[in-house]
Amino acid sequence: MQNYETVIGLEIHAQLLAESKMFCSCSTKFGNQPNINICPVCTGQPGVLPVMNKKALDFAIKTGLALHCKIAPHSIFARKHYFYPDLPKNFQISQYELPIAENGYLEIEVNGNIKKVRINRVHLEEDAGKLVHKGSDRIMGADYSLVDLNRTGVPLMEIVTEPDMHSPEEAKVFMAELRKIVRYLDVCDGNMEEGSLRCDANISLRPAGETKLGKKTEVKNMNSFKIVQKALELEVERQTKVLTEGGTIIQETRHYDETSNSTISLRTKEAEMDYRYFPEPDLIPIKTDQKWIDGIKNTLPELPIEKLKRFVSSYQLPVASAEVLTLERDLSDFFEEAVKIHNNPKIMANWVVGNLMGYMNFNNLTIKQLKIGPKHIADLVSLIDKNTITGNSAKDVLAKMLEAGKSAHDIVSESGMTQLNDESSLLPTIQRAISANPKSVEDYKKGKENAIMHLVGQVMRETKGRANPEVVKKMLREEMNK
Amino acid sequence: MNDNVKAFVTEIKDFKNSNNGSMSGINIAVKDNICTKGIKTTCSSKMLENYIPPYNATVYEKLIAAGANIVGKTNMDEFAMGSSTENSAFFSTRNPWNLDCVPGGSSGGSAAAVAAGLADMALGSDTGGSIRQPAAFCGVVGMKPTYGRVSRYGLIAFASSLDQIGPITKNVSDCAKLLNVISGYDPKDSTSANIPVPDYTKSLKNDIKGLKIGIIKELIGDGISEEVKSSIKDAIKLLESLGATTEEVSLPSFEHAVSAYYLIAPAEASSNLSRYDGVHYGLRIKDTKDLLTMYYETRKAGFGPEVKRRIMIGTYALSAGYYDAYYLKALKVRTLIKNDYDKAFSKCDVLISPTTPTVAFKIGEKTDDPLSMYLSDIATIPVNLAGVPAISIPCGFSNGLPIGLQITGKIFDEETIIRTAYTYEQNTEWHKCKITKL
Numbered sequence: 003m004q005n006y007e008t009v010i011g012l013e014i015h016a017q018l019l020a021e022s023k024m025f026c027s028c029s030t031k032f033g034n035q036p037n038i039n040i041c042p043v044c045t046g047q048p049g050v051l052p053v054m055n056k057k058a059l060d061f062a063i064k065t066g067l068a069l070h071c072k073i074a075p076h077s078i079f080a081r082k083h084y085f086y087p088d089l090p091k092n093f094q095i096s097q098y099e100l101p102i103a104e105n106g107y108l109e110i111e112v113n114g115n116i117k118k119v120r121i122n123r124v125h126l127e128e129d130a131g132k133l134v135h136k137g138s139d140r141i142m143g144a145d146y147s148l149v150d151l152n153r154t155g156v157p158l159m160e161i162v163t164e165p166d167m168h169s170p171e172e173a174k175v176f177m178a179e180l181r182k183i184v185r186y187l188d189v190c191d192g193n194m195e196e197g198s199l200r201c202d203a204n205i206s207l208r209p210a211g212e213t214k215l216g217k218k219t220e221v222k223n224m225n226s227f228k229i230v231q232k233a234l235e236l237e238v239e240r241q242t243k244v245l246t247e248g249g250t251i252i253q254e255t256r257h258y259d260e261t262s263n264s265t266i267s268l269r270t271k272e273a274e275m276d277y278r279y280f281p282e283p284d285l286i287p288i289k290t291d292q293k294w295i296d297g298i299k300n301t302l303p304e305l306p307i308e309k310l311k312r313f314v315s316s317y318q319l320p321v322a323s324a325e326v327l328t329l330e331r332d333l334s335d336f337f338e339e340a341v342k343i344h345n346n347p348k349i350m351a352n353w354v355v356g357n358l359m360g361y362m363n364f365n366n367l368t369i370k371q372l373k374i375g376p377k378h379i380a381d382l383v384s385l386i387d388k389n390t391i392t393g394n395s396a397k398d399v400l401a402k403m404l405e406a407g408k409s410a411h412d413i414v415s416e417s418g419m420t421q422l423n424d425e426s427s428l429l430p431t432i433q434r435a436i437s438a439n440p441k442s443v444e445d446y447k448k449g450k451e452n453a454i455m456h457l458v459g460q461v462m463r464e465t466k467g468r469a470n471p472e473v474v475k476k477m478l479r480e481e482m483n484k
Numbered sequence: 276m277n278d279n280v281k282a283f284v285t286e287i288k289d290f291k292n293s294n295n296g297s298m299s300g301i302n303i304a305v306k307d308n309i310c311t312k313g314i315k316t317t318c319s320s321k322m323l324e325n326y327i328p329p330y331n332a333t334v335y336e337k338l339i340a341a342g343a344n345i346v347g348k349t350n351m352d353e354f355a356m357g358s359s360t361e362n363s364a365f366f367s368t369r370n371p372w373n374l375d376c377v378p379g380g381s382s383g384g385s386a387a388a389v390a391a392g393l394a395d396m397a398l399g400s401d402t403g404g405s406i407r408q409p410a411a412f413c414g415v416v417g418m419k420p421t422y423g424r425v426s427r428y429g430l431i432a433f434a435s436s437l438d439q440i441g442p443i444t445k446n447v448s449d450c451a452k453l454l455n456v457i458s459g460y461d462p463k464d465s466t467s468a469n470i471p472v473p474d475y476t477k478s479l480k481n482d483i484k485g486l487k488i489g490i491i492k493e494l495i496g497d498g499i500s501e502e503v504k505s506s507i508k509d510a511i512k513l514l515e516s517l518g519a520t521t522e523e524v525s526l527p528s529f530e531h532a533v534s535a536y537y538l539i540a541p542a543e544a545s546s547n548l549s550r551y552d553g554v555h556y557g558l559r560i561k562d563t564k565d566l567l568t569m570y571y572e573t574r575k576a577g578f579g580p581e582v583k584r585r586i587m588i589g590t591y592a593l594s595a596g597y598y599d600a601y602y603l604k605a606l607k608v609r610t611l612i613k614n615d616y617d618k619a620f621s622k623c624d625v626l627i628s629p630t631t632p633t634v635a636f637k638i639g640e641k642t643d644d645p646l647s648m649y650l651s652d653i654a655t656i657p658v659n660l661a662g663v664p665a666i667s668i669p670c671g672f673s674n675g676l677p678i679g680l681q682i683t684g685k686i687f688d689e690e691t692i693i694r695t696a697y698t699y700e701q702n703t704e705w706h707k708c709k710i711t712k713l
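One line per chain: the protein sequences are R and B, in this order. If you want our numbering, it's the 1-based position in the first sequence plus 2. If you want our numbering, it's the 1-based position in the second sequence plus 275.
Okay, chain B solo, but in the shape it has when bound (with noise of 0.2 Å):
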């Protein structure tokens, strides 16, 4: 089956491990931008093509400490850059639904795995969407945790101040009892929270009566195809009928998200990735002139385009006389969306909005446009801006490729859309749709 969805850059045969904990027996897809100790870890980037970490990321030891069984490393687009998965440098991998369409992306592998059922569970990481996105193409259950939430240690960084590692299941009860695991505050990463982590599993109550919820005006509109507004405002009943109370807010600074983010994490890219330079580790192409020669040879061989154009963005953005008109806006921007979600938060528990625009799109449609390709990003972005958490759920189908709501929460409040996500699971089929063909 693997052969039609290629969701693996390397799969694990005959894993063993003898722990036992929660995650026994349970099959783990990691998305190869996780280190894991002895295993190559590539980022789906030539420059990493052969590069073995000698060292574990946390979530991965977790992982191991709690007896999972891991199966592979998934594709994704090149360094977690993109939203199709079609910037692996090795290969594009298909979406169950429809192998003609992309799983979505960055963490398109480690999605497609679990719809495909080549994994029980899987760990995406999110800058801009990179979970929430793929889930909901491939008709599984994503969530992006709170910033902080998730230790990044060992997570190859795109965009440190963004980047956050999550759950990519069939079901809410399995991103509740992933998300378990894999959270907490580790000494190895300064950005993790030193706060007690709850067990999500006690939110896996079919009960939102008196929950109320905010209806984000700015992703039911413009830009978003009749299908997926449907599918949200059907959910959105159903939702009501379970005794949530609905109300249309607004987040006016959401305008200005796509462009605030398309300059802060290019410019932490261009800076993350200055390391590749064939020095160390990673790709070097050999007999060049001199240092620079092998620097610029290295470099151009070892990225692809989409990598290539996001350090020029990101290196020009923080260069001398363009920070403040560039970079340091862009973090104003970012404070305005924080702002608006606390506004929102303020009288809402959980936000709504559908997580893509569209359902998945046709591979290679989209690939000579980058600008509509960020586009696909707008509902997901703003999270990740204001760090705080948000899921992806299946709501719907639209031509066979299926339809994601996304619930939005406070910082560090997971436990709500869990339950919001749940009640709403427990009342729909759609998470029960089986892939008939592939």
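For reference, chain R alone in the conformation it holds in the complex (with noise of 0.2 Å):
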């Protein structure tokens, strides 16, 4: 059977987290009740004029640096024309030829490679707004459909790529990093399922060895990870089968299914729009000079992939805990602002990819919303290091922390679990446990040193895990030897 070679290349929107809409001042908070951030220019009246919104092309030039694009010292907008009920103006102000950023890279590592995928382009678009359909759920069919101009006018980034990924993997991996740098840069809140991150996939087929690229499709509404790799997965099958029984790819527009779990033809190409693209001669061209885009620069922080080469390599930490670690800034900066306060930062990793993180799945929470700050943390891992509790009490202390928001020397001192190393006070205990357990006593002597253990065992239990067990082993030696 012939091997085929599956090319994707993906194309991303970004909602941008600006506070205000593209080419007007509506905000962009979203609210339950419909056309309550509008004004005349985002509905398009007759006679309104757009205006940039110079944040949202901070956010794009930012997010350009960081996927190493050549800004454009001349970028220009475009007029994309399609009618549409949710499209007042029934064209999309976007950016055509001239994008504000272009030929860059985004690095991914997959089953331990690092792979290069390379950024055709970034431009800045206007989103549009939402329908509401009654009686059916598309416009064809609908007793009626409402239009909520809400959403009019949003700025959106898109970000599209060269067909560099070879597998539905590939391309799970590289939304997975993409969305946590344009969260790093605080330009887009990646939420996929919110549809405030999305991502269309153009997916094709070729024999193995060939350079040409095949007919394609597109694939949209992918709206998590998971379900980019499966509806790529399925649409990979889908290709496939259809290569090896001799038919040709048909080039059009998929949707994924949830429901069938299949992906669904939308349209063919030659169905598809002529956009009659044109220079947006409402809006003077954009000149970016090096003074700006090095001011943006200097804001740029570093990127996941980067934070976690340096963790792995200055804190020793393994790739595993470095990955979690790194998966978030707020949970990165979390981590190193405890370290610096606290010096250990392997026991910190974790703490805070084990217990922390725990709590915050378990209970939804960010790193933000928790009670505690580095500092309590970091005053927790002291105390472990100074042997003034025990580990397995310090799990205890810092659930009680969480619940509580109090630092660790008050949750020790309140709850009395300060570790015991005081020789005189730990001395009846253990001499209890030895008179107590006469056999283990007795294979001790025979040189079974394990059976030392069933005795701190016995010594840990009697003082609920305060003793500090070096110190209780050193002493039941000495109690045995005597």
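What the hints contain is simulated information worked out from the structure, not anything from laboratory work. Computed from a predicted model, the values in this text were never measured in an experiment. Possibly wrong hints are sitting among the right ones.
Claimed, not checked - In silico SDA-like cross-links for lysine to any residue, where the CA-CA straight-line distance does not exceed 25 Å:
(1) B:K463 with R:L133
(2) B:K613 with R:A130
(3) R:K56 with B:S465
(4) B:K561 with R:L133
(5) B:K575 with R:S22
(6) B:K575 with R:E325
(7) R:K57 with B:K312
(8) B:K463 with R:S22
(9) R:K289 with B:A468
(10) B:K312 with R:E325
(11) B:K604 with R:M275
(12) B:K561 with R:Y84
(13) R:K342 with R:E330
(14) B:K561 with R:D139
(15) R:K232 with R:Q94
(16) R:K136 with B:D562
(17) R:K289 with B:T466
(18) B:K561 with R:I141
(19) B:K575 with R:Y277
(20) B:K583 with R:Q94
(21) B:K463 with R:A130
(22) R:K132 with B:K583
(23) B:K564 with R:G137
(24) R:K289 with B:K312
(25) B:K575 with R:G143
(26) R:K289 with B:K613
(27) R:K377 with R:K388
Relying on the hints, combine the two individually framed chains into one complex.
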């Protein structure tokens, strides 16, 4: 059987975290009430003119820089024409020729290999509104449809990759990495389920070894990483079947359908529109100078993949922990802040990745929503390192800290969880353990070193885990060797 | 009197404006493509027959702030597409000098209102001559300022890169006064120029000694009627006698200006007019079987034949496969025309030509011949393509119908235009000629 190579390119739309719309001063906040954040400009009244939102432009440049793109010194907007009721002007102001950023790349790690995915372009455009259909899911067949223009004109950034991905998994990883980046940059909240980060894929197959691209389809409506991978796997399967059976791929747009778990043809290329792009005459060209670009460059944070490398090399963290810690900028900041206060990165990482994130995931909280900060966790680890508390009781301490928002010191002194290191106060418990367990003592004396662990356990139980196990072990030996 | 001239789509009685300013007590007519909050703004189209804008155009706000008294919204060619006001979906406006003739267009209602004394001043808009041509036909002063001098915010777009609002007045002094009020940068219009605006009344000087005037060779030859030609020649002689020097200049790319214009303007119009679809405002043909039919039926019923013609031309010019051959090529012609002006202005202060090849034509005379209608804008169109400012002032009569003299200036040099026009006016009597019977 013929082997096929999969070729995937992505088009990503990211809703920008700008406070006002792309070309007017309406708020971008979403409420339940329709048609609240609207004005003559975004409703496309006759005679209105667009005015560029500079913040959105800054965001696009920032993203362009993070994706190693060349920022255009001269960039223009264009009108993209199509008739639809959620688009009041019946054209979308977008970018066509001369987008704001071009020719970059993003590195992703797939199965331990670093791979470069080239970025074709980053451009800005305005979002359309929303339709609510009554009597049908779609406009065709609906009794009537209502238009909500709250979203109309919300700034969108489109990122287009080259067809550099060769498996659905790579596409998924790319999306995950890109999501991390836009969140690190604070330009998009990255919420795929709610549609603030959307992804369309161009996908084709070609015989292994062939360099020419095969006929592609465009897959839409993939609103999670998982679905990106799933939908593309389905499409690879479908195309493979078509080709294997000697058929040809029809260039078309396909829609991922969750209920049938398949991709469904939406429209073929022949039915596709001629958008009649032409330069937007109501906006003047954007001129970017080095000063502006450098200003934005200076605000660029360290990017996830660089941070991951640094966490591994300078904190000596295992890759797995470093990956988790660099998933979100807030999380890695939290971790680094804590390490700055108490320099024990390995143990700190375990506490953050393990207990802390366990708590966050269980309660569906972000790190910022916790009642405790980096200093709290640093102090907790410091108490463990100073043998004030045991690792065991630290778990309880942390749980209480998270509930009450109190410091480790407060919890420990309130609940008397201080580690017991004092030999004279431990001695009676040690002696009790020895006299109550003659069998273990005998075994130990016979040379069974492990037998001592049973005795340690007894002491720990009696002290509710507060005794320092090292001290207990040492004292047990001394007592039994007497 | 309005019954004869039919200048207004909407007349406004007892307008109240308590603001005090340079326009206090002055009656102003506003072209019906300039948005007025709470007052119907129809573009003389069935599509917007009942459209009441929820906001004001910037120029309108400026008029109100300056104390103006608004007397009405004037008739026009539908969506400013036309040269006779016969393309109004409602009725044709008549030329006050001869009611059988057109007032010109598309700002025919504004020019006729001023000529007939129904308003002291008026606002028009000019995309290819729509202020200057009706001003010439009606014997009044009309200026298209430099592109970017006056905010377009609230002007219902025809062709965004060409449209400009300007004054239509009885004389040059009024033109300067009204220009003072409406000019200036507007943050709501990205294409408006953020540069200082001079006081144009300071240019009302009867002095053109040493002024270098270029006479546009391409606009005094074939295709220009003899009466118009001879009036322009008289005007040149007078200007020379007042101390100006003249020389003939050639702007060879003018030959292609009308063709380029009739690609660029319809292309932009086809885009700008997409929004009239029956969904959000304006006309909607109801009870259609689906969305597409609603679009078709609404646009079929809402637009007149000239608007449809231009939407079709423009849609075609922007279509894949034709864009380079039509739209892009037209843009290249536009650049050549700009270059021609640059060259001419490297040796001249202003350029002179007739505003129109002929005087006002009869109502109905050209309605079946769009090409000949298009050609009546031959002298005004290059000005919009280059974005330069130009004025039309009365310079004679032929068969009782006024003739217009066009004075074109450098970018943002309305001052020299006003000084030249004022000097000419002060030394002639044309602007004092009165309409005797209406």
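Hint by hint, here is what the structure shows:
1. B:K463 with R:L133: Measuring from Cα to Cα gives roughly 29 Å; hence the hint is violated.
2. B:K613 with R:A130: Between K613 of chain B and A130 of chain R the Cα gap is close to 37 Å, so the pair fails against 25 Å, i.e. violated.
3. R:K56 with B:S465: holds, 12 Å
4. B:K561 with R:L133: Within the cut-off at roughly 19 Å; holds.
5. B:K575 with R:S22: violated, 37 Å
6. B:K575 with R:E325: Between K575 of chain B and E325 of chain R the Cα gap is close to 60 Å, so the pair fails against 25 Å, i.e. violated.
7. R:K57 with B:K312: violated, 30 Å
8. B:K463 with R:S22: holds, 15 Å
9. R:K289 with B:A468: Between K289 of chain R and A468 of chain B the Cα gap is close to 16 Å, so the pair holds against 25 Å.
10. B:K312 with R:E325: violated, 58 Å
11. B:K604 with R:M275: At roughly 23 Å apart (the allowed maximum being 25 Å), M275 of chain R and K604 of chain B satisfy the hint.
12. B:K561 with R:Y84: With Cα atoms ~21 Å apart, K561 of chain B and Y84 of chain R stay inside 25 Å; holds.
13. R:K342 with R:E330: holds, 18 Å
14. B:K561 with R:D139: The hint holds at about 22 Å.
15. R:K232 with R:Q94: violated, 31 Å
16. R:K136 with B:D562: holds, 16 Å
17. R:K289 with B:T466: Answer holds: K289 of chain R to T466 of chain B is near 14 Å, not above 25 Å.
18. B:K561 with R:I141: Judged against 25 Å, a Cα distance of about 16 Å means the pair holds.
19. B:K575 with R:Y277: Holds: K575 of chain B and Y277 of chain R sit about 21 Å apart, inside 25 Å.
20. B:K583 with R:Q94: Distance of about 22 Å is within 25 Å: holds.
21. B:K463 with R:A130: Holds, at about 21 Å.
22. R:K132 with B:K583: violated, 29 Å
23. B:K564 with R:G137: Measuring from Cα to Cα gives roughly 15 Å; hence the hint holds.
24. R:K289 with B:K312: violated, 35 Å
25. B:K575 with R:G143: Within the cut-off at roughly 24 Å; holds.
26. R:K289 with B:K613: Status holds; Cα separation ~22 Å.
27. R:K377 with R:K388: holds, 16 Å
Figure legend: structure checked against the earlier numbered hints; hints not met, in rising order: 1, 2, 5, 6, 7, 10, 15, 22 and 24.
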